[in-house]
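*Asks:* Chain residues, written in single-letter form:
Protein chains: 2
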Amino acid sequence: MKILLKNVILDRKSSDILLENGKISAIAPEISAPDADIFDGLDKMAVLPPFYNAHNHAAMTLLRGYAEDMELFDWLSNHIWPVEAKLTAEDIYIGTRLATVEMIRSGTVYFNDSYWHPEAALKAVKESGMRATLGLLYLGNVSDDAKSANAALIEAAQDIDTIEVSHTPHAIYTVDRATLQKISGMMESDGRKVHIHVSETAKEVADCLKEHNMTPVEYLDSLGLINERAMLAHCVHLTGHDREIIAARGAYIAHNPVSNMKLCSGMFDFEAARKAGCKIAIGTDGTSSNNNLSMIDEMKVAALTAKSVTELPTAGKTADIFHAATAAGASFAGVDAGEIAVGKAADMILVDLDSPVMSGNYDLIADMVYAADPTVIDSVICNGKFLMRNKVIPGEKEIIAAAKDVCRKIASWK
Amino acid sequence: MKILLKNVILDRKSSDILLENGKISAIAPEISAPDADIFDGLDKMAVLPPFYNAHNHAAMTLLRGYAEDMELFDWLSNHIWPVEAKLTAEDIYIGTRLATVEMIRSGTVYFNDSYWHPEAALKAVKESGMRATLGLLYLGNVSDDAKSANAALIEAAQDIDTIEVSHTPHAIYTVDRATLQKISGMMESDGRKVHIHVSETAKEVADCLKEHNMTPVEYLDSLGLINERAMLAHCVHLTGHDREIIAARGAYIAHNPVSNMKLCSGMFDFEAARKAGCKIAIGTDGTSSNNNLSMIDEMKVAALTAKSVTELPTAGKTADIFHAATAAGASFAGVDAGEIAVGKAADMILVDLDSPVMSGNYDLIADMVYAADPTVIDSVICNGKFLMRNKVIPGEKEIIAAAKDVCRKIASWK
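If you're matching them up, the sequences are chains V and Y in order. Just so we're aligned: 345 in the working numbering is position 344 of the first sequence, and the numbers increase by one with no gaps anywhere. Just so we're aligned: 370 in the working numbering is position 369 of the second sequence, and the numbers increase by one with no gaps anywhere.
If we strip away everything but chain V, and leave its shape as in the complex, we get (with noise of 0.2 Å):
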């Protein structure tokens, strides 16, 4: 399977670009490959690097809105976790598979997800053509349900190259310290990431230097948890040590900017991370606590998130926050992408140049991190293969009608 791109804008020049195998083959002013499919981009079609979401819970599409503008506590235990706790394994395969459409419709080819049911999850995943890490189950006590889950899920991404399971312990507050301690063992032996909540709140960090003596990364660092495979969700409350051994191990932060701000828990600081070497990707967290799974909505604030938490307009500079929502998410989840060259994966967005907020064009990067929408993005293309194109993307009808039934039914509950 062959994709010949024609006339595509590839930094500011017209090109052709040649897909095979997954992977981008050629980039020349002209190509010609009789055999392959052919996309035209009439001069007009700027070819991006596309997101990869570091941080999600990509089902919690069918609770967008459900409740707002509440306190933690009331929303979680009165709205939320009830019902979440009624959730079918079918509901989260729909609502994950909704995801995938929202998420394709806004340039995403991966996510990092941590929901219950990872074994539905997978199967709206491999339908989509997206590539994501599922995580294996740990909050709490692991149920028999949850045990069966994780199961179900080792088995079906045994032969899937583009999903990969990983270790998911919700948080150092809901998992114990021998279950920690026990992940880190396995990490070792299965190669495995691990995909963790960490100093998310200020509280979080009090109750954990009270109990430990440590902050949450120091503590995480102790049971071997901060490595190269580590995805630290959040990290909004950081020590300057916290981030020397971030940046040590090697780990990488899920900047989440929006779900920050919305639940109240604090300004990530981006310039602080970025200069200390950590590597920051970003995501956009759950719907519930953002409300859509859009990157370009995620780089607007994360970029003036940046500059209002230190006073500095110089911070959070448009290609620092591209990097972050593209070739650092990407390459935690071991896909060599991130920019379109020769050799890299056939990852890639195509941006209408003919849009309204696209047609100064002096800058394609600062376009896209403040001024685009979804309504840009013309096409998606995943290990060389078309999420959507000239924005059809196959199924959308079904799947939306799916989820009005399930979001239907959740509103009954009530």
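A couple of the hints might just be wrong.
Identical copies go unnamed one by one, so any copy, or any two together, can satisfy a pair.
To be verified - Okay, derived cross-link-like pairs now, DSSO-like style, lysine-lysine, Cα gap no bigger than 27 Å in a straight line: (1) 276 <-> 398; (2) 392 <-> 405; (3) 14 <-> 398; (4) 211 <-> 3; (5) 415 <-> 318; (6) 45 <-> 392.
Bear in mind the hints are in silico, worked out from the structure with no lab data behind them.
Got chain V; can you put chain Y on it based on the hints?
*Replies:* Just chain Y now, with coordinates in the frame of chain V:
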């Protein structure tokens, strides 16, 4: 000219809505009007009030992404001002026309503008069918060019019901006391509105306290410029006394959360102003400090900053934010709109509930504030006429082509 909206969703029910002579003349489950232009909402298009953008410099679309991530003075004096000095009236007509396309695509029907060559902006607004308040120039010494632009603006606006002319002294630090006093005097006789930047930065407030021993709001109030026809842009740094003055006088605040974060001006406390009884509208500011004109983006960041600045997840409630982006701006503009009811102005948007981000539909307003993006806006009606119908805006292609030519010219000046 009658429009009959069939099978649209209003307050969760399928309805028909008849529009006549710029007003909503009937709402019922079933309306027949054989002589009307019929739009079928297919029981999936929700009707909502459109957005009223309270503070804009529309033609700055020509400078979107031109210079990023710089210190304010470097940015203005070395990049923005030198280019602005070279822009012609024709350029500003084209830039404003591009802005109207972008605003219409994101559901906006009105903007309160302040920029060079307002007489050229008027031509663009008139062609677009939007409503606007366009400002007379007072920045620094009013040059002969500005005087002639002002005269042309007043002349051209006379016969257009949907465009009005206001006084727009830029700010207290660029327009002297004598000119401000003169404007205050004119307002008593000419009935015009006033639009001015107020308390945008901490420096402005400190300088004003030093020079006048008053805050900027107190100073303007002493000159009679804080009144119910005043739109006070930014108001980031308000005292409790400032809020009392603004509330007592019935003046409007134009809250520009994205620009305030991007330029590191500080964060407006939405709840403090709301509780003090101030009328709060929302604006995008110009695209150079945003970088788009989407009131949807602006609502999201307004809600997020309201929560962040107070550390209260209950702050910046979706209904209050939506009201600020719709009804509050309409009220300033003097348009009896902001809700869909018989007798109100026929200003509305049609939102596609089959969009992935709208499919939960537990809370339409929360979905608009937090989840939506311009893809969900199917059609826009202003003063009883379609500005966009099923995503089509007449003349859009030519407008974008012309704007691209101007931007290429600007790029060649570098």
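*Asks:* Which of the numbered hints above does this structure break?
*Replies:* Hints 1, 4 not satisfied by this model.
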